[in-house]
Structures are given as C-alpha cells and as structure tokens.
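S.K.: The primary structure of each chain is shown beneath.
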Amino acid sequence: MAEAQAPLAAVKVEALVVMKIIKHCSQTFPTTATGSLVGMDVDGTLEITNSFPFPVVEMPTESHFDNAAHNAAPNAAAAAPRAKANAAYQSEMIRMIREVNIDANNAGWYTSANMGNFVNMNVIENQFFYQKEMNERTVALVHDVSRSAQGSLSLRAFRLSAKFIEAFKENKFNSEELQKSNLRHQDIFEELPVEIHNSHLITSFIHQLQCPNPSGPTELPASLSALEASSFSKSTTLTPNFDNLSLNIDPFLEKNCDLLLDSIETHNTEVNNYQYYQRVLGREQQKINNWKQKRTQENATRATLKQPLLPEDEWQRLFKLPAEPSRLDSMLNTRQVEQFSRQVDSFVSATTGKMFAVKGNLLPGETAK
Amino acid sequence: MAEDSFLHLARPLGPVSVGTAPTTAPLNVVIQPQAIFSILDHSLRRNADQERVIGTLLGTRSEDGGEVEVRSAFAVGHSEAEDQVEVDMEYHKQMLALHLKANPREVLVGWYATASELNTFSALIQNFYSGQGDGTWPHPAVHLTVSTEAGKDLETRAYISAPVGVTAERAADSAAFIPVPYELRYGEADKSGLEAIANAKDVEERSTSVMTDVEALERAIEEVLGMIDRVSRYVESVIDEETPASTAMGQFLLNALALAPKVEPADVERDFNNHIQDVLVVSYLANTIRTQMELSNRLATAQLTLGGGEATGTTGEGNQRNQRGGKGGRQQRQERAAPEEARA
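From first to last, the protein sequence lines are chains B and U.
Take the first sequence: its letter number 23 is residue 23 in UniProt numbering, and every next letter is one higher.
Take the second sequence: its letter number 116 is residue 116 in UniProt numbering, and every next letter is one higher.
Hints in this document: simulated from the structure, not taken from any laboratory.
Simulated crosslink set (DSSO-like; lysine-lysine; CA at most 30 Å straight-line): (1) U/K191 x B/K359; (2) B/K12 x U/K101; (3) U/K101 x B/K132.
Residues of chain U placed beyond 12 Å of chain B at every Cβ, according to the derived structure: (4) S62; (5) L108; (6) T120; (7) G135; (8) I178; (9) V180.
A short list of chain B residues far from chain U (calculated; beta carbon distances all over 12 Å): (10) L8; (11) N120; (12) F129; (13) R137; (14) A162; (15) T301.
The model shown is predicted, which means the values in this text are computed figures rather than measured ones.
We treat Cβ as the ideally placed atom computed from N, Cα and C, and that holds for glycine.
The following block holds chain B by itself, in its conformation from the complex:
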C-alpha cells in the first residue's frame, strides 16, 4: 500500500483544528501541551479535520523533593503522545468520534512550543513512535504560542525523514555511521507546507462576523462620547491584527539570546564529552599497542626458544574500548540553533522595516534625502 502512494507533500488544516490547538496550547502555556490529530490522506495532502487533547497525568506532589522526579514532571505532558495510557485514550476517542462521522484516521499529533524550542528528544521520540507504530503517514504540528502572541500565527508541520528514522531505529549516531550515512542536522526533519482550510459554513460565519449587515446608511454620531460608545469603535473585526505593528524588540531578543546561550552551553558539554571520550580512547589505544608490542617480542623470543606461540588477539579480552557518545544530542542542538537563528532573522527583517518606518515618520526630512 505504501509504495503506491505519493509521499506526503502538504498538510491542510481545518480552521476548527487551528482554533482547538490554539485554545489548548494557550490554556496550558507555558507547560507543553500535546494532543492527537485525526484526518484523511488525499493524494499526498494530509487533511487534518479534527483534534483532541491528551489528558495530562498529574504527578504526585511528594515527588517534588526527589530531583529525578522533579525533572520528569514537566515532561509528563511532552511525553504524553507515546505513553501507554494515552494510546488507549486515543483509540477510545477515535472509536467514539467515528460514530459521529468524523474522519477517524490517526493523522499525527500536535505540541506547543515556546519561541521555537521544540527540537528535542521528546518530539523526536513521539514522532518516531507515530511514524513507526501507528501510521507512517503522520505529522507533528508545532504551534508556537509566544510567536503567535506577537501577531502572526505560527503553525508548522514536521515529519522525520526516512534517513533519520533508519538511523534512529538502530541508534547509529557515532561518527563512523554518520560518515557512512551522511546524515546531517538538516536531515532530521522534513517540513511540510501548512495550509489552512475553511469549510463553507465557517466561511459564511466569518463573513457575518466581520460585517454585521448594516441596514441602511449609518447616521453620524451626535457627540464624541456617542461615537466612542457606538459599536464601531469597539468593533470585533478580525483583521487586521495590529499586534504585529507594535515595536516591541527587547523582550523577544532577550529571550532568544537566553535560548541561544543555553544551546551554546549544551554544545560545550557535548564537545567536552566527546573530547573526554577521545582522550580515553587514545589512552586505551596506547595501552593496547604497548601490550601488542610486548606480546610480539615475547613471541619472537619464544619462537627462538622453540616454545609454542601465545595468541596475539588476547587484547580484545583484556582491554575494553570506551563507547563513543552518541552524536544525536549535538545534532539536535545544532538543529535547534538553526531554528533560533532563522527565527531571529525573520523577526529582524520585520523589525528593521518597522524601525525605519518609525524613524521616517518622526523625522520626515530625513527620508526625503
């Protein structure tokens, strides 16, 4: 079945799903929220037509003192999609919604993110679980709450690439394997274009929401207070959203800098780990070489004395080479940094435009030059 189908090329999200995800993610912000997506696959376009949130398993309070459990607590929601209890919840829910004619095929899952910090092991493992266990044609939708609060909706769809899945399955992340497979951090995810689709009813609903059908020409207001009190000044029109016109630079940049610093920290740790590994490896290699030389000399003397030779491959039992640390973490980290810098770029391009506009506005003479 799989080879007959074209690979997934795009994701079409229903307006309902967009609203549901926004609701769930902003409700639980800043904790990560996750949920399941259902939909249909139509000729390479995955149509996501409904969604439901995953229940969060509450951690018992006494475990807060326990350091390990404390670290695990915020990840409870993030790990939810692959938790066993939720698999049952999901299949139950899908069984239920099938009865009311909603598309009951698993189409993936969604998660919330804060400033694009979604590239981590949890997302990888969840998506791996989905693509492997549930259905190959699934996506992860990432809704960035803090970026959406700045005015423009941030909703992106990701899949793990086939190459990465292959490597992840066998945990092939040491340098030798990476050289062989030529897997780079750009190859972890495949991003799919996201399209928002409205049903006819929603289209007509939004049209009504925007212009409340004026019955005849509007009368001019009698006084200033009447104007301010009228429905026009507090209109509920959806567009434009002027949030993205505000010139609010510092919080965003500071947050991004913090995240970048964290990433550098992680990178350094990884590099140090690797260096440590290499030092240990070098030492062990040295020992082995010494041992081999000794054995060869011994055998040479034994040969002259006509004694039976000692086996030369005994070193494999005597010495143990250290295991190479996985490069996966540093790969993810690099991918994460790339995500941050793209985000900064996109922000900067809009901000510089706004700043020049403000300057031109306040100093009209300057722009004429």
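Using the hints, position chain U against chain B.
M.R.: Frame of chain B, contents of chain U only:
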C-alpha cells in the same frame, strides 16, 4: 449576528428541594469561537437524512453562576422520527468522561442543535440536560441553536429553560425556553489564529497558507493605509461640502492625530541607532553561532574523508579540530555577553 435586545425576567423555578436555592439572577452566555466551529463542523458531517444534529456543550461557569462560558463542544448522535426521538445517552456519557479527563476544568453546561426550531423534542432533551444526576442541575442548562440552513444567515441563539406545569405526565416533554443574551468572545491568543482563518474567506478554494512575519506586517500596513485613505476621502468630501460634517467625528480624528508623539530629532536618531544596532548584532551573532556549531559538528564527523590515514591518527586530528570548534563557541559567547550588557 442577530442584534437582539434582552429583558431579564426572573425565571420560574421548578420544584426545589430544601437546602438548595437555585438563583434567578440574570445569565449571560459567552461563546468561544472554537465551540461554534465545532458545531459548524458537526453540522457539515451530519447524515444525509438528518435535518439537525445535536451535541453537548462544555465550558466553565462563573462563581455566582451569572456567566456561562462555552468553551468546547462535541457531537452526540441522535435520530428523530415522527413521534419519537432517540439520543445516544451512553455515547454522551462516555464522551463526557473522556473529555473531562483531558480538560478537568470544564464542566457540562448544556447542549446545542443546528436548527433554530424549538419543538417537543427540544424540550425533552433540554429536560435531560438540565435534570438532576447527569445534568447541570441546580444550574440551568444552556441551549444553543445555530441555524445552518443553506442560503440563509447563520443565526445563533441561546436559551435556558424553565419547567412548565401542565400535567405530571407531560412535564417531561415540556419546557419554557427563555432567550438569554450571548456574546462571542475570543482571547488574545485566538486572535492570530482567527486572522489567519479570516484570510481565506475571500479565496475561492477557501484555503490559505500560514504567513511569515514580513507578510503579516505587509498586510497590516496595507490595511492601515487603506483606513487612512478612507478617512482622508471622507475629510476631503466634507471640505468639498459633499457629505454633512460632524463635530464628533472631527473631534475624534483630532484626538487620534494628537496621539503622535513630539520628540526631538536627536533623541529619535539616538534611540534608533541604539536599537538598530542591537537588533542587527543579535541577528549577526545568531547566525555566527549557527555556522560555528555546524562547522564544529561537521568537522567532528567528517575526519576520515579528509585524511584517510590510520584510525588513531585521524582521531587525534579530529580532536584538535573539535577543540577549535569548541573554542569558537566559547568566544562567541563572550562576544554575545557584551552587547547584552550594553543593552542592560
């Protein structure tokens, strides 16, 4: 949307057991867009022979019970015949339990139907939802009707009910529906989503892609330019004495124009330069960090393709390179700290 005006009447109460005092205070219903979207979606997915579909509304109730916020909805299967109605109560209960597991803060607040008509069946279902035990009792159940008839406006109405005393046998299928005011409310977070959805409203395919930051900015600016055009057209036509003038309008515009800040050009210049430098430096550094990390990772894994020598030799080489990459990262960090201090 229907612009109805409402008169709050103390609603009649049913038989009250001792100890509980149902309130007769006015009730206001707030609907969040995702609930309406759910209802519309369900209406699209109804069976061909069904005229209307029903479902359960969930949400929160304010402490005094004076405001009900409808947050989400799910569909419940039902079938209507000439003289009987069948609602899948088992389904409703299971779905409610599943929903509450994921949204522990939401409670059952009522039900919806996708036709404006109120009939005996409506009363029957309403009595179930507002009943004791599984229903919303002692709070009133909200009944929301969203008409989805083709070719007509979508009409939303909210009701609560009161029991009408006819005879004991008929009490179950009779109820007096009292219309209550409702409003559509969406939060800050929903705004960007709704904007994206609204983008698709004038497109024939009814679909749109997610905008980038710059595109969104462009749109907003175009929108503002359009508004300024409209206002200046109006002002011009007033000056040409084509449209009647309005003092209030003039005052309003004057107030808006007075909002423009008055600042010294030197101050503007200084602030502008400070900020633009910050912005550009962060962008530059972010990209440098990215390049450095990528380089360091590449070098760590690409050693063999360059040297092709002995395993031990190349590991050492890689080690050195790695160190260089690491140092680069550290250097970046120091540089990074400087502008941040400057800004603080």
